Structure formats: C-alpha cells, structure tokens
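There are 2 protein chains.
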Amino acid sequence: MSAFPFEIKARDGAARTGVLKTPRGDIRTPAFMPVGTAGTVKALTVEQVKDAGADIILGNTYHLMLRPGAERVARLGGLHKFMRWNGPILTDSGGFQVMSLSKIAKVTEESVTFQSHIDGSRHILSPERSIEIQADLLGSDIVMQLDECVAWPAEEARARQAMQLSARWGARSKAAFGARQAQNLFGIQQGSTTRALRRESADRLIETGFDGYAIGGLAVGEGHEAMTEVLDYAPAMLPDDRPRYLMGVGKPIDIVEAVARGVDMFDCVLPTRSGRHGQAWTRAGPVNLKNARFAEDDAPLDADIAVSNTYSKAYLHHLVKSDELLSQIILSWHNIALFQSLMAELRTAIAEGRLDAYRKAFKAAQAED
Amino acid sequence: MSAFPFEIKARDGAARTGVLKTPRGDIRTPAFMPVGTAGTVKALTVEQVKDAGADIILGNTYHLMLRPGAERVARLGGLHKFMRWNGPILTDSGGFQVMSLSKIAKVTEESVTFQSHIDGSRHILSPERSIEIQADLLGSDIVMQLDECVAWPAEEARARQAMQLSARWGARSKAAFGARQAQNLFGIQQGSTTRALRRESADRLIETGFDGYAIGGLAVGEGHEAMTEVLDYAPAMLPDDRPRYLMGVGKPIDIVEAVARGVDMFDCVLPTRSGRHGQAWTRAGPVNLKNARFAEDDAPLDADIAVSNTYSKAYLHHLVKSDELLSQIILSWHNIALFQSLMAELRTAIAEGRLDAYRKAFKAAQAED
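Sequence order for the protein chains is Y and D. According to my numbering, the first sequence is numbered sequentially starting from 14. According to my numbering, the second sequence is numbered sequentially starting from 14.
Note that these hints are calculated values from the structure, not bench results. What you are looking at is a predicted structure, and each value in this text was computed from that prediction instead of being measured. Check before you lean on any hint, since a few could be wrong.
Identical chains blur together in the list; that is why a pair holds if it fits in one copy or across any two.
Said to hold, decoys possible - Distance condition first, Cα-Cα at most 30 Å in a straight line; then the derived DSS-like pairs of lysine-lysine:
1. Lys264 <-> Lys119
2. Lys116 <-> Lys376
3. Lys334 <-> Lys63
4. Lys116 <-> Lys22
5. Lys34 <-> Lys334
6. Lys303 <-> Lys63
7. Lys119 <-> Lys34
8. Lys94 <-> Lys63
9. Lys94 <-> Lys326
10. Lys376 <-> Lys119
11. Lys94 <-> Lys376
12. Lys119 <-> Lys303
13. Lys63 <-> Lys119
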C-alpha cells in the first residue's frame, strides 16, 4: 500500500493546512467534500461542482450498490467515467446507510445482512465485499473500511462492542485492500462520546495501519457541544502525519471548530439538502428564501460568491415561492460554493497564523437561530 | 412604431430564412423560443439556455402578473434584469393561459375577469392592461395583442365571434401600444380551422397594421393533419415581409412542416416538459430514458449535441430511475439544444435550396410512436 503524499504546509495550534496528493488531483486541506449520493451531487452538474471550488466529492456505496449496482458501474467504466467526475472520489463503506436507511436483518461478526429501502431486496455487506465494491467496481480513490456506527445515546457496553467490531472489520478491510498503489484506505475511529473507547479505537486502528483516519460516530444527534468535547481529544489520538476526516459534518460552525482541533476533511449533505428546501447558507448562518422580507431585495446572497452573486434575493425568493427547479439548482450551487469559500478562508487563516481570530469573528457573526 | 428590421436572406418554396434584428440582439429565423413561464426556463440557467443556441425566449404574462406581480418585476428593473436574460424576450398576452388555467368569471367586450389558479384572487385583463404589463412593466421586446382563443373543436359561429373580438382587441392593443421605438407589437390571427375566418382575421389584422403576425388557435387538440391543412393557407394570408409566428408549436415534425409553409417563429413547452418527465427528443422522435434497454448503453443521446454528448444513456437512465434532479436538468437542456439544432439545420437547408429533401428525410427518419 502506498499512502498518498500529505504535505502539511502550515500549522496554527492544533490546526493544519496542506495538500493531499492523489493521482486524480490535489486535495487542498482542510477540505469539504460535496456528497454525490447516487452518482450525482444533487441538482448540480459536475462542472458546477468544480466551479464551486470542490477538489473531491463523496459517493455512497450503499446507494450505488443497490442502484444502478456496483457490477453495472464497473461494466460502464467505473464511477468516475459513469458520473463524469475526473477528480478524486472518496466512497463511504455503506455501513452508515445500512444502519440508517435499510431494514437490518442481521449483524454478525462476518457481515451485515439487510433489505434495500428501494425494493426490499436482500443484500449482504462484509468488510471484504465493501472493499471489492469501492476499490474494484466503483474505482474509488479513497476507500473507507466497513464499520458499525451505533445510534446516540449509546450504553457504554454497546458502544464498546460496536467499536471493537469496527476495529476487527478494519483489520479485515486492510487485508482485503492489499497492496494497491493508486488507491488509499482509511480506517474509522468509533467509541461514541467516551474518551477511553475513542483511545482504544485509535490504538487498534494505528496498530492495523491506514493511509488516513476518520472520526466516525459523531453528528448523530449528540449536538454541537458534545461533538466539540469529543473533538477536544479525538483528533490528537490519530496520527499527526496522515489526514483526519470527520464524517458527516456539518454546519459551518461545526467545521470551524473541528478544523481548530486538527481535522482535515469533511463531508455533509447539508449544503445541497438545504438548497433543495429554499435555504441559503451565509457567513452568518442559514436564511430561508421563502421569507417575505426578500421579495424586493435586489442584493445577492453574498457578493463574494461568484456562482450566485448575479442572482438577486428577490429573484431567488420568487423561484422558491414558485417551486421552480432553478431555485434548487442555484441554492445548492451557492451553498456548496459558500462552504468551499469557508474552507479557503480557513486554509488562509491557518497559513497566516490567525485561525483563532478568524474563529472568534466567525462565531460572533452567527445570527441567532 | 418602428418595426424591427426583418432581413429575409434566402427562400425555398414558401419557406424563408433570415434575421429579425432587435435592440437586444439578432433572432435567426426560423427560430424556436424556449418558454420561460415564471421567469425561468424550467430547470435551466439562462447561460445554459444560451449555450443551447437560443436567441430569444418567451415569458408568460399570466404567470408573471400573478407571481411575483408585474409591478414588482418593474420595481426590480424589468423582466430581463430580474431573470438575468439579456437577449430579446417575447411575452404572450396572458389570454391563452387565462382561458386554459384560470377560472374565468366573465369575458366582455371590454376585458376578461378571472380568478388566479394560485390563490383564487380576482384579476382583470384588457387589451390595454396586457400592453401595460408587457411593454411598460415587464419590458418585453416583442409584445403580443390580447386575443380570445376558442377551444377545439369550435362551432363556426363561436369561432367567428372570438376571431372578431380578437380583431377589435388587436386594434385597441395597437392604440395602447402607440409609437414605441424599441419594442414591437404582433397581432394574432384566429379563426380555428375555417379558411374564410382565417382570411377575415388576416385582413383585419393587416388593416390595423402590426410589426409581426402570429397564427393563434392551433395546437389546441386538432392534431398534426388538421394543423398542417390550416398551414397550407394561413401563413400566406399574412404579410410576406414581416415575421410569422406559430404559437405553441410544437413537435419537431410540426415545426418542419410549418417552416416549409412559411412560418418563421415558434415556441413550445415541449422540450422542457418532456425533459422533466424522463423523455429525450432525438432526430427520430422521443425516447423514454426509463426504458431498461438504456441501462448499459454507453452512447450519448446524440453525438452532435454538445451540451449532452458527454453523458451516456446508461447514466441518464440511472438518473431518471433514481428521480435525480440532474436528469431533469440534462434532459431539458438536451431537448432545447436538439430543437435549436433542428432550427439551424432548417435555416441551412433553406439557404441551400434543399428544404424539400431535408423535410422528406426528416419524416422518413421518424420512429413509429
């Protein structure tokens, strides 16, 4: 296995900024990965995703294995060719969606058996099958180990059991992944909100050895405060010289706090999901374009966001009120670009040694909910 | 009133190709106008509409007067600025949608009173109010007179009555329009499928005098054969030196037949409506992307359509099956571009004096429905 070069160019406290170099292109870190669940970042062309500033996108193994099917994607040339995205792709293992979307039939040491949420068909996902789907059939650049993510809150015994199963599945994932040169494998730390479990999880992952390390099992309902408490210690348990990826996070304020604590990569459906529901993200938080106060507001959402700054809020208000698809397109595009702009600001702030000031100003600018 | 220069560059039988020169840009004829009902060509940015090859788009007075309201559009700088389309816009009069979408309260010599299909609110549209909305408030480049379009089939007496009311409304529209320099006013021929009524309508329009002449009251259920029979005589009743516009048409095969009979302009929701329902137009007719035969078809819809030829049918099939917004976007875009490509082919065929051969080959290529 050959880990992608990860060049940390500057540090500011626990935070770092750098570049993860993949054969399909550089990923500037801290990085936000738009989510392309079913082979499309919802409502956007890949050209629009690129224009918004994204270096890498995420694909969902669970959705793609069910439809159109991983073998079909492979016959069509792999996920990059299928969806026309020629930059890097990270795929999740499918584990999280199996737990959250499908009807679980059985979780054993060997695998998880589940029913499709689309047609009720029965499927099996094991660490080895997840690697086969991600690495061989979809052709993902960054492959995630299969893990078990427990619901929050979890009894400590249950959280320990899932964390230990995840650790064993991590070792099996690594064995199945083998000595690939052009793809990387990330392990996933579990342990819910319990420090000792996070410690044990990190130690076992490091013993197995991965190309990067994800923090899983957060953003599952515990809230901003509980999540930042875990982030006070969890990232530092993971190797300093490899990328750290906080899965499924999050709101801009969550991202800022996580970056300050040493996280390098993020993914979340929030910008596109918000955009489909008439919600625009701004530097001060979300606004609902349906609100009548925008009806004659001739200003753009954000003068610095190039993909949306030629649209007036009045026009977007009209599109949302009229249920026009263009509102979903422009707001999804704007939100992705806003998130990418935030990441660029964080990278610059770290490089210039003023992340703490940036973070304080960012928090102060948040509007009341 | 100052009619836009209409330069006919070549003729082939009854067909003509040329350029209608407006202050906001040239319209190459025969021209197809994508429909931007509520201030957006559904599912597309104006940049995408332009990329597809459109010179002019159509806006619906009925929809815009109800939402966001014509006065509001005016306060926001007019329809071009509001929706970011800086090319020419033709607006319809609102009459057709009042008849087809709203609950009509009353049609009198003076005006039509109706209830909004959105909120039931009561509105009045008169020839003068329609001109005010289109020319003054929306700022349309090509303004249509208010007319009454009867349902098909219509008793001859009913069709005559509506045609004569439309003629009187045409004269009032012209008086209200006055001596505008940068905008044009088109009259609308009515008379259903009765030749004598079409003749009387044309004569009365010509007596009033317009900058262009539309053929209304077709594509309302009479079918391709009955429509082409009317088109065998109706266009020739209208002035040869001014643009002729067939309203609400249509399928590519309808457009080809109408162009051969001397029509210069078209509009239709078909390409975008089809695109939102998984249907792609090809030179051989429509195909339903949901069909399983496309599941592993790696070829594009049409290698010559630049906006869509990097997408495989297999990918579009997957997007349609998955109800992904991107399918509606790409198929709407493809369909508009296919229609524009057809218009370009028609213009070239006329310029090269081979329209009849083009028309025969086009008909022969149509797949069975």
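- Item | Alpha-carbon proximity between Lys94 and Lys63, which holds within one copy, between copies, both or neither at 30 Å | both (16 Å within a copy, 27 Å between copies)
- At 30 Å max between alpha carbons, let me know whether Lys94 reaches Lys326 within a copy, between copies, both or neither. between (36 Å within a copy, 13 Å between copies)
- Same-copy or cross-copy closeness of Lys116 to Lys376 [CA-CA at most 30 Å]: This pair counts as neither: shortest intra-copy Cα distance 40 Å, inter-copy 52 Å.
- Item | Identical-chain pair category, Lys334 with Lys63, by Cα at 30 Å | both (28 Å within a copy, 25 Å between copies)
- Given a CA cutoff of 30 Å, do Lys119 and Lys34 count as a within-copy pair, a between-copy pair, both, or neither? neither (39 Å within a copy, 70 Å between copies)
- Message: My question is about Lys94 and Lys376: at a cut-off of 30 Å on alpha-carbon distance, are they close within one copy, between copies, both, or neither?
- Response: Result: close neither inside a copy nor across copies, 41 Å intra and 35 Å inter.
- Intra- versus inter-copy proximity for Lys22 and Lys116 (alpha-carbon distance at most 30 Å): neither (45 Å within a copy, 67 Å between copies)
- Task: Evaluate Lys264 and Lys119 at a C-alpha cut-off of 30 Å and name the case that applies: within, between, both or neither.
- Result: For Lys264 and Lys119, the Cα distance exceeds 30 Å both inside one copy (33 Å) and across copies (53 Å).
- Check Lys303 against Lys63 for me: Cα-Cα at most 30 Å, and say if that holds within a copy, between copies, both or neither. Classified as both; 28 Å inside a copy, 28 Å across copies.
- Task: State whether the alpha carbon distance between Lys63 and Lys119 is at most 30 Å within one copy, between copies, both, or neither.
- Result: Neither: 40 Å inside a copy, 53 Å across copies.
- Query: At most 30 Å between C-alpha atoms: does Lys34 with Lys334 qualify within a copy, between copies, both, or neither?
  - Reply: Answer is neither: 43 Å inside a copy and 35 Å across each miss the 30 Å cutoff.
- First find the shortest C-alpha distance between Lys376 and Lys119 inside one copy, then the shortest across copies, and answer within, between, both or neither for a cut-off of 30 Å. neither (44 Å within a copy, 58 Å between copies)
Figure legend: structure checked against the earlier numbered hints; hints not met, in rising order: 1, 2, 4, 5, 7, 10, 11, 12, 13.
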